[in-house]
Amino acid sequence: MTMGIYPPSLEKLIEHFTLLPGIGQKSATRMALFILKSERGVAEGLARSLMEVKEKIRLCSTCFNLTDDDPCSICLDRNRAGQTVCVVEGPGDLLALEASGTYRGKYHVLHGVLSPLDGIGPEHLKIGELLNRLETEGIREVILATNPTTEGEATASFLAKALLKKDSHLKVTRIALGVPMGGDLKYMDPMTLQHALKSRMPINR
Amino acid sequence: MTPHISPAIITRIREFGESDLMVSYLTADRGLLKGVAKGARRSRRRFPNCLELFCLSDMEYEQKKRGDLVFLHSCRLVDAFPGLRSDYHSLALASYMAELTEVLFPPGVVDKRIFELLKNSLHALDEGFRGDILRILFEGRALALAGYSIDLDCCCQCGRRYAGEGRAVFNRVKGGIGCLKCEEERVDSPGLAPESINALRIIQSSSWDQLKNLELTEEAIREITPVIRLHMEYRVGRPLKTAKFLP
Chain E
0 MTMGIYPPSL EKLIEHFTLL PGIGQKSATR MALFILKSER GVAEGLARSL MEVKEKIRLC
60 STCFNLTDDD PCSICLDRNR AGQTVCVVEG PGDLLALEAS GTYRGKYHVL HGVLSPLDGI
120 GPEHLKIGEL LNRLETEGIR EVILATNPTT EGEATASFLA KALLKKDSHL KVTRIALGVP
180 MGGDLKYMDP MTLQHALKSR MPINR
Chain L
0 MTPHISPAII TRIREFGESD LMVSYLTADR GLLKGVAKGA RRSRRRFPNC LELFCLSDME
60 YEQKKRGDLV FLHSCRLVDA FPGLRSDYHS LALASYMAEL TEVLFPPGVV DKRIFELLKN
120 SLHALDEGFR GDILRILFEG RALALAGYSI DLDCCCQCGR RYAGEGRAVF NRVKGGIGCL
180 KCEEERVDSP GLAPESINAL RIIQSSSWDQ LKNLELTEEA IREITPVIRL HMEYRVGRPL
240 KTAKFLP
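Sequence lines, in order, name chains E and L. Take the first sequence: its letter number 174 is residue 173 in numbering that gives the first Met the number 0, and every next letter is one higher. Take the second sequence: its letter number 200 is residue 199 in numbering that gives the first Met the number 0, and every next letter is one higher.
These are computed hints drawn from the structure, not numbers from a lab. Remember, it's a predicted structure, so these values are computed and weren't measured experimentally. Be aware that one or more of the hints could be misleading.
Straight line, CA to CA, 20 Å or less: simulated DMTMM-like cross-link-like pairs of lysine to aspartate or glutamate [what the hints assert, rightly or not]: (1) E:Lys25 <-> L:Glu17; (2) E:Lys25 <-> E:Glu14; (3) E:Lys170 <-> E:Glu140; (4) E:Lys55 <-> E:Asp68; (5) L:Lys240 <-> E:Glu14; (6) L:Lys243 <-> E:Asp117; (7) E:Lys164 <-> L:Asp86; (8) E:Lys185 <-> L:Asp125; (9) L:Lys240 <-> E:Asp117; (10) L:Lys243 <-> L:Glu98; (11) L:Lys37 <-> E:Asp188; (12) E:Lys125 <-> L:Asp86; (13) E:Lys164 <-> E:Glu140; (14) E:Lys185 <-> L:Glu59; (15) E:Lys25 <-> L:Asp86; (16) L:Lys243 <-> E:Glu122; (17) E:Lys165 <-> L:Asp86; (18) L:Lys118 <-> L:Asp78; (19) E:Lys165 <-> E:Glu134; (20) E:Lys160 <-> L:Asp86; (21) E:Lys160 <-> L:Asp125; (22) E:Lys185 <-> L:Glu17; (23) L:Lys33 <-> L:Asp57; (24) E:Lys125 <-> E:Glu140; (25) E:Lys197 <-> L:Asp78; (26) L:Lys33 <-> L:Glu59; (27) L:Lys33 <-> E:Glu88; (28) E:Lys160 <-> E:Glu88; (29) L:Lys111 <-> L:Glu101; (30) E:Lys160 <-> E:Asp188.
Produce the complete structure using the sequences and hints provided.
Below you can see the structure in the form of structure tokens.
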């Protein structure tokens, strides 16, 4: 560490904050000064939370979501449709779907997408575990909810093939693509509009 | 500096900060560039779904006087190559071609022909072109454009002119072929029939319009594949990271 303008302990804290994603030197300095000015309890609470997260949070052995207890509360919930599984890229996507309040089935978190440029292949994702769940849990439908990016779409195609190879009677569906709420057609790209028109829905009278 | 517009193929994207994207893209007129698309993850107006891996887009950007990063103003999608999204092997091959392009044509090296080759190859992949053939067409032509052509004109040991009279052997150290008097066929020195040598000559020197109609026999594919691979590994100096994902 180079000699900075702040005392070494404060410099060290700034350096640690810069390790966080999206946090540069300026933001890290602001955060460190905030901690310094705050009550002792704020710093203690933060330190305790950081350690608790590292000690307690793990992956659910069934769906691979982040959890305190294994299996997680979603996997244990008997009111959820156990024969439907929604496959998502990461825990953040699961939370977004839960916040929608529409889906009442189970989940499976892949922890990434296929990305050869980043060195990520099928063996790096929780794909084998998903295929195992088909048999052990008697799953009837798998909803592929990976993001509609190039890698997300390719991952969904790969999964669809692998799932149907394992169980040809399985219902495999993909979340819809189209014009978002509050969107403006003028600013839509041709591909999104193509998808939106292809998957148009009749309006019930 | 005034903004400049170039057709571009996006070769890499990663999240940057809270709402920005760091985008690497290949242009025909300024080569490989890297820039920041401010607010691209939050606002879709300046970048309406056009900052996607391997998309062909018209990129409006500004090169700064200092530093390597460009500032992206806006973008318009030209072709998303949807076929790459529906097949993992196509995604893997597209990734491989992008990585090879980055290695052979790093920032500062400008060649319009590599842009056209990558664009046409992605288009062919999108339309279901056979992957193993596309791979050798791309590898052979890209290496030639980068100045790493395999010398097919004369024996790399004795210098005798090769007139297509019989089999020859590839020598990876010399980057050329040797006659059977000077070289022996081995795993690391594979042999080539006259037809394969002729096909390799066409691959190295032809434009995409000729390449896409090139008819390769199964034997030529079988012989050319290890030769190009050995040549590439030797010239590049390391295996490409994406190669392990190819079938």
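Each hint tested on the structure:
1. E:Lys25 <-> L:Glu17: 14 Å, holds
2. E:Lys25 <-> E:Glu14: 11 Å, holds
3. E:Lys170 <-> E:Glu140: 5 Å, holds
4. E:Lys55 <-> E:Asp68: 8 Å, holds
5. L:Lys240 <-> E:Glu14: Violated: lysine 240 of chain L and glutamate 14 of chain E sit about 32 Å apart, past 20 Å.
6. L:Lys243 <-> E:Asp117: 12 Å, holds
7. E:Lys164 <-> L:Asp86: OK: lysine 164 of chain E and aspartate 86 of chain L at ~15 Å, within 20 Å.
8. E:Lys185 <-> L:Asp125: 27 Å, violated
9. L:Lys240 <-> E:Asp117: With Cα atoms ~8 Å apart, lysine 240 of chain L and aspartate 117 of chain E stay inside 20 Å; holds.
10. L:Lys243 <-> L:Glu98: Satisfied, since the Cα-Cα distance of roughly 12 Å is no more than 20 Å.
11. L:Lys37 <-> E:Asp188: Holds. Lysine 37 of chain L to aspartate 188 of chain E sits at ~19 Å (cutoff 20 Å).
12. E:Lys125 <-> L:Asp86: 19 Å, holds
13. E:Lys164 <-> E:Glu140: The hint holds at about 14 Å.
14. E:Lys185 <-> L:Glu59: 19 Å, holds
15. E:Lys25 <-> L:Asp86: 43 Å, violated
16. L:Lys243 <-> E:Glu122: 12 Å, holds
17. E:Lys165 <-> L:Asp86: Holds, at about 18 Å.
18. L:Lys118 <-> L:Asp78: 10 Å, holds
19. E:Lys165 <-> E:Glu134: It holds: about 9 Å lies between the C-alpha atoms, which stays within 20 Å.
20. E:Lys160 <-> L:Asp86: Status holds; Cα separation ~10 Å.
21. E:Lys160 <-> L:Asp125: With Cα atoms ~18 Å apart, lysine 160 of chain E and aspartate 125 of chain L stay inside 20 Å; holds.
22. E:Lys185 <-> L:Glu17: Distance ~26 Å between lysine 185 of chain E and glutamate 17 of chain L Cα, so the pair is violated.
23. L:Lys33 <-> L:Asp57: Holds: lysine 33 of chain L and aspartate 57 of chain L sit about 15 Å apart, inside 20 Å.
24. E:Lys125 <-> E:Glu140: 18 Å, holds
25. E:Lys197 <-> L:Asp78: 18 Å, holds
26. L:Lys33 <-> L:Glu59: 13 Å, holds
27. L:Lys33 <-> E:Glu88: 26 Å, violated
28. E:Lys160 <-> E:Glu88: With a Cα-Cα distance of about 17 Å, the restraint between lysine 160 of chain E and glutamate 88 of chain E holds, given a limit of 20 Å.
29. L:Lys111 <-> L:Glu101: This hinted pair holds, its Cα atoms lying about 14 Å apart.
30. E:Lys160 <-> E:Asp188: The hint is violated at about 28 Å.
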